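Trainee: Going by the UniProt record's numbering, 186 is the number at position 186 of the sequence shown; the sequence numbering is gapless.
Take these hints with a grain of salt, some might be off.
[Stated by the list, open to error] Mimicking DSS-like on lysine-lysine, the simulated pairs with C-alpha atoms at most 30 Å apart in a straight line are:
| hint | residue 1 | residue 2 |
| --- | --- | --- |
| 1 | K186 | K107 |
| 2 | K220 | K149 |
| 3 | K149 | K186 |
| 4 | K186 | K138 |
| 5 | K149 | K175 |
| 6 | K149 | K117 |
| 7 | K220 | K186 |
| 8 | K117 | K107 |
| 9 | K138 | K117 |
| 10 | K175 | K186 |
Simulated from the structure, these hints should not be mistaken for laboratory data. Source: prediction; values computed, not measured.
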Amino acid sequence: MSRITARRRHPLARYAVLIFALAIFGVGYTTIAKFSRPAEATLATGQDPVAEGKNLFQAHCSSCHGLSAEGTSTGPTLIGVGAAAVDFQVSSGRMPAANPGAQAPRKPTAPWVTPEKIEALAAYVQSLGGGPTVPEEKWLDASLGSEAKGGELFRANCIQCHNWAGGGGALTQGKYAPALNAPSEKQIYEAMATGPQAMPVFNDSTITPEQKRDIIAYVKGVREQTDPGGFGLGRIGPVTEGLVAWIVGISVLALAAIWITAKKRQKP
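Construct the entire structure; sequences and hints are all you get.
Mentor: Below is the structure:
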């Protein structure tokens with residue numbers, strides 16, 4: 001007993017205990033994480049979605065983002081961006097990017113992209129460091145949202161870049177706010193949650209899921225509006241309307257002046 005007590009007082013004993021505790025903790029965490037994955041988290045083929053997503057990532061994404069998603073000079077790290085960011089970027093065709101530039105444009109999805117593969121790729125990126133997850137269906141049902149409240153939120157947080165009708169607009173350094181007539185309800189929600197490109201991140205503490213649903217309802221409502229008074233002119237507002245009125249008005253007056261003077265010259 002005295003021998004054990006003497007060893008316990010050895011200067012290196014505390015470090016040995018610390019290393020032993022860390023080893024036990026690491027093995028325990030790995031075991032729990034391995035067996036706590038839900039049973040439904042498998043693809044229709046029975047393959048682990050994380051493993052399938054890793055294969056897809058290494059085949060289609062690693063050239064820009066690195067083999068372990070650590071990022072490279074041409075692509076940022078994806079650790080911590082979450083499944084929602086992957087679903088948004090890949091489902092909208094922005095990724096994989098054909099040519100690196102100031103901003104990845106929306107385009108048709110790649111031939112290999114399917115909903116199942118997007119889900120697997122998102123599961124792999126989610127496993128690397130967490131982040132925003134794909135939203136639940138109840139937050140995407142615009143019929144449950146308030147278009148009026150969504151309009152107030154949109155005008156307070158989004159109109160500066162997307163204009164009041166979601167028509168988009170130019171930003172600095174070659175970037176731009178895209179029009180909102182194409183994205184799905186899920187993509188609109190994911191864009192708010194992840195902040196793609198130059199867009200800020202509106203997490204749940206800034207704009208709640210209920211408020212995001214209200215904004216989706218407003219955007220969908222604006223899409224369905226018509227322009228019974230004439231041309232919409234991009235719905236940018238009085239600037240374009242005044243410019244068109246000025247140009248058209250000046251042109252009409254100039255033509256009228258030319259016509260009047262031409263008629264006077266014809267008199268004997």
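Trainee: Please go over all the hints and tell whether each is borne out by the structure.
Mentor: Comparing the hints with the structure gives:
Distance restraint check for K186 and K107: the Cα-Cα separation of roughly 17 Å lies within the 30 Å cut-off, and the hinted pair is therefore satisfied. Annotation: proposed proximity of K220 to K149 holds, straight-line Cα distance about 13 Å (limit 30 Å). Distance check on the hinted pair: K149 and K186 sit about 19 Å apart at the alpha-carbon level, within 30 Å; holds. For the proposed pair K186 and K138, the alpha carbon gap of about 11 Å is at most 30 Å, so the pair holds.
Restraint check for K149 and K175: satisfied, since their Cα atoms lie roughly 29 Å apart, inside the 30 Å limit. Of the supplied pair hints, the one linking K149 and K117 is violated, its CA atoms being roughly 36 Å apart against a limit of 30 Å. Between the alpha carbons of K220 and K186 the distance comes to roughly 12 Å, so the proposed pair stays at or under 30 Å and holds. With a C-alpha separation of about 18 Å, the suggested pair K117 and K107 falls inside the 30 Å cut-off, and the hint holds.
Note on K138 and K117: the hinted pairing holds, with a Cα-Cα distance of about 23 Å set against a maximum of 30 Å. Of the supplied pair hints, the one linking K175 and K186 holds, its CA atoms being roughly 23 Å apart against a limit of 30 Å.
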